[in-house]
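So the sequence lines, in the order shown, correspond to chains A and B. Each residue of the first sequence is one higher than the one before, counting from 20 in our numbering. Each residue of the second sequence is one higher than the one before, counting from 18 in our numbering.
Check before you lean on any hint, since a few could be wrong.
Using C-beta positions, here's what the derived DEER-type ranges look like [as the list claims (entries may be wrong)]:
(1) A/301 - B/293: 52 to 58 Å
(2) B/121 - A/55: 29 to 35 Å
(3) B/266 - A/79: 53 to 59 Å
(4) B/40 - A/64: 49 to 55 Å
(5) B/123 - A/151: 26 to 32 Å
(6) A/55 - B/123: 57 to 63 Å
(7) A/151 - B/217: 21 to 27 Å
(8) A/62 - B/40: 50 to 56 Å
(9) B/50 - A/301: 52 to 58 Å
(10) B/117 - A/45: 37 to 43 Å
(11) A/24 - B/291: 36 to 42 Å
(12) A/144 - B/191: 45 to 51 Å
Calculated from the structure, these hints are not laboratory results. Just so we're clear, the structure is a prediction, and the values are computed from it rather than from any experiment. Built from N, CA and C at the ideal position, the CB exists for glycine as well.
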Amino acid sequence: MAGFLAKRLLGGALVLLAIAFAVFFAARLAPGGPFDEERELPKDVRAALEARWHLHEPLPKQFAYFLGGLAKGDLGPSMRSLDWSVNEIVAASFPVSAALAALALAWAVPCGLWLGARAAVKPGGAADAAATGASLAGVALPSYVVAPVLVMVFALGLGALPPGGWGELRQVLLPAAALGLPVCAVVARLARAATRENLAKDYCRTARAKGLDERSVALNHALRNGLLPVLNYIGPATAAALTGSFAVEKVFAIPGLGGHFVNAALGRDFTLLVGVVLVYSALLVAVNIAVDVACAALDPRIREAL
Amino acid sequence: MKLLAPMFLLAILAATVLVPAFSPYPPDRQDPHAALQGPSWSHWLGTDPFGRDLASRLAAGASVSLAVGFAGTVVALAIGLAVGAAAGWKGGWVDAVLMRIVDTLYGLPFVFVAILATVMFRSIPPDRNPLVLLLGGSETRAQLVLLFVVLGAVQWLTPARIVRAEVQALRSAGYVEACRALGGSSAQALRQHVLPNLAGPVLAYAALMVPTMMLEESFLSFIGLGARDPQASWGTLLADGADTLNPAQFRWWLVVFPAAALSLTLLSLQSFAEGLRRAKPGRNP
Chain A
20 MAGFLAKRLL
30 GGALVLLAIA
40 FAVFFAARLA
50 PGGPFDEERE
60 LPKDVRAALE
70 ARWHLHEPLP
80 KQFAYFLGGL
90 AKGDLGPSMR
100 SLDWSVNEIV
110 AASFPVSAAL
120 AALALAWAVP
130 CGLWLGARAA
140 VKPGGAADAA
150 ATGASLAGVA
160 LPSYVVAPVL
170 VMVFALGLGA
180 LPPGGWGELR
190 QVLLPAAALG
200 LPVCAVVARL
210 ARAATRENLA
220 KDYCRTARAK
230 GLDERSVALN
240 HALRNGLLPV
250 LNYIGPATAA
260 ALTGSFAVEK
270 VFAIPGLGGH
280 FVNAALGRDF
290 TLLVGVVLVY
300 SALLVAVNIA
310 VDVACAALDP
320 RIREAL
Chain B
18 MKLLAPMFLL
28 AILAATVLVP
38 AFSPYPPDRQ
48 DPHAALQGPS
58 WSHWLGTDPF
68 GRDLASRLAA
78 GASVSLAVGF
88 AGTVVALAIG
98 LAVGAAAGWK
108 GGWVDAVLMR
118 IVDTLYGLPF
128 VFVAILATVM
138 FRSIPPDRNP
148 LVLLLGGSET
158 RAQLVLLFVV
168 LGAVQWLTPA
178 RIVRAEVQAL
188 RSAGYVEACR
198 ALGGSSAQAL
208 RQHVLPNLAG
218 PVLAYAALMV
228 PTMMLEESFL
238 SFIGLGARDP
248 QASWGTLLAD
258 GADTLNPAQF
268 RWWLVVFPAA
278 ALSLTLLSLQ
288 SFAEGLRRAK
298 PGRNP
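Just chain A, same shape as in the assembly (with noise of 0.2 Å):
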């Protein structure tokens, strides 16, 4: 076990890194600067500026400069926000982002796991006809879909939640309803297909042969072991719940990073558009590999084969 999981934080680092290498070339590499506006700098003004990133200097040795930082855990200066540093940014407002994120992924998995279940014990019932329902929805019904649509019904027509805005339990209750939606409706289906599976399996047959009722038999053995894929998808749905916050964030006005990604894109701020893209990565190598180790805890045969 050990083993194994220096072997995924190794190759997790690694992935990282090419990350890194990957997104600073070809950032850098494109046409255009941060210090390009509709009025031209005075030469030495912009010399000046560009000293203070390394920008005259040859690309490997500004890679280099950049991973020197990186080592002490600095990102550096962002570019177009002067006053600002790259971890001051992140500091800001990925919290922001990834409270938005937990809260929609901590009521989708739950309530996808509910209603997988309850589909698969009464099919054709209201349930299955919900999952069902669901296995299309995930696709029809993206979150920015559903965001404008929640501020016009709940914030606009009934007045019952605020728009917008960050700080009050009120405010996150219909980002997290519209970000976690797409999730809920793909766990939905997972563990409705799972757990169907299981229980016409022999060992559910024998649940039911000692006298349990079905519902004992779906949620503790069926759905139980149904577990694995559902697990597995935690980490595309961390990734859906993190991308998904640029569009949630931009029509809630919530200050988190996915505001700040878009921007530094368009502006070509290459610290903060570096710093960002790695935040996110190292979060999503950080879920995978958490998934791989509770899938290990979970099924003593995966835990055998590392």
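With chain A fixed as given, assemble chain B onto it according to the hints.
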């Protein structure tokens, strides 16, 4: 009930053709006197803040969204087919290297790649941009082609895996071995026996990819990195509608109609694709 999805898709296709032909309002004509009107007899689906007719803009957006959906799928299939077939047929180190690349790219959210590629493209001035020059100097058209390429280039991973698995299975099939034993070359076996047998699973997956592509195009457009004003796609129309939402005035039509058009089309394409997949039993990827 079964025909609902194909009928809705036909209706959308008909609207993209008929609305521009018969509507008195071009999609980008502004009319300050008719700004922000609700649905009426003269503007069936209302107008936006510039007085542009929403029905015309939705029809124009439909052609953009559908074009990206289909063309992006073709690009992704072309790359996936080439990589998957090479990996599955050659095996050995070719397979190992290609699949390592695929696995690594799976870990990276597509949005990052798509955003970086879009930004790189946009930072080249139009008069020096190779893609714009190639397409006869039209920047909006180049933007559209860029979307095909970007979305195709990030979505080829799953088709590559499917094709690789199928080719591996087919490589040891009796009739392929027979073809080789009779003196047929590798190319001949691939062309005559392997590729025709790939068509089923690949097409079934391609049908599922079209709605995914449209979803991603509208996501990029929604956050401001896809189609650009004055060109409309359903994603930009929805984003514009979301921007005009405010408590003082209630312009429901600017949100409801783009959202409904996008959702219902995605739903129809998805259920149509599921139907196709079920119609070919036994080979569900």
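Range hint 49 to 55 Å (beta carbons of residue 40 of chain B and residue 64 of chain A) holds or violated: Given range 49 to 55 Å: holds, Cβ gap about 52 Å.
Is 52 to 58 Å right for how far apart the beta carbons of residue 301 of chain A and residue 293 of chain B are? With a Cβ separation near 39 Å, residue 301 of chain A and residue 293 of chain B fall outside 52 to 58 Å, so the hint is violated.
Quick one: are residue 50 of chain B and residue 301 of chain A within 52 to 58 Å, going by C-beta? 54 Å, holds
Taking 57 to 63 Å as the hint, is the beta-carbon distance of residue 55 of chain A and residue 123 of chain B inside that range? 35 Å, violated
Satisfaction of the hinted span 37 to 43 Å by the C-beta atoms belonging to residue 117 of chain B and residue 45 of chain A: 20 Å, violated
Could you see if the CB distance from residue 151 of chain A to residue 217 of chain B stays within 21 to 27 Å? 25 Å, holds
Do the beta carbons of residue 144 of chain A and residue 191 of chain B sit within 45 to 51 Å of each other? 46 Å, holds
Residue 121 of chain B paired with residue 55 of chain A, Cβ distance criterion 29 to 35 Å: 33 Å, holds
Taking the Cβ atom of residue 24 of chain A and the Cβ atom of residue 291 of chain B, is their distance within the range 36 to 42 Å? Between residue 24 of chain A and residue 291 of chain B, where Cβ atoms are some 39 Å apart, the hint holds.
State, for the Cβ atoms of residue 123 of chain B and residue 151 of chain A, whether the hinted interval 26 to 32 Å holds or is violated. 28 Å, holds
How does the Cβ-Cβ distance of residue 62 of chain A and residue 40 of chain B compare with 50 to 56 Å: does it lie in that range? 53 Å, holds
Verify the CB-CB distance for residue 266 of chain B and residue 79 of chain A against the hinted window 53 to 59 Å. Check passed, 56 Å falls within 53 to 59 Å.
In summary, the numbered hints that this structure violates are 1, 6, 10.
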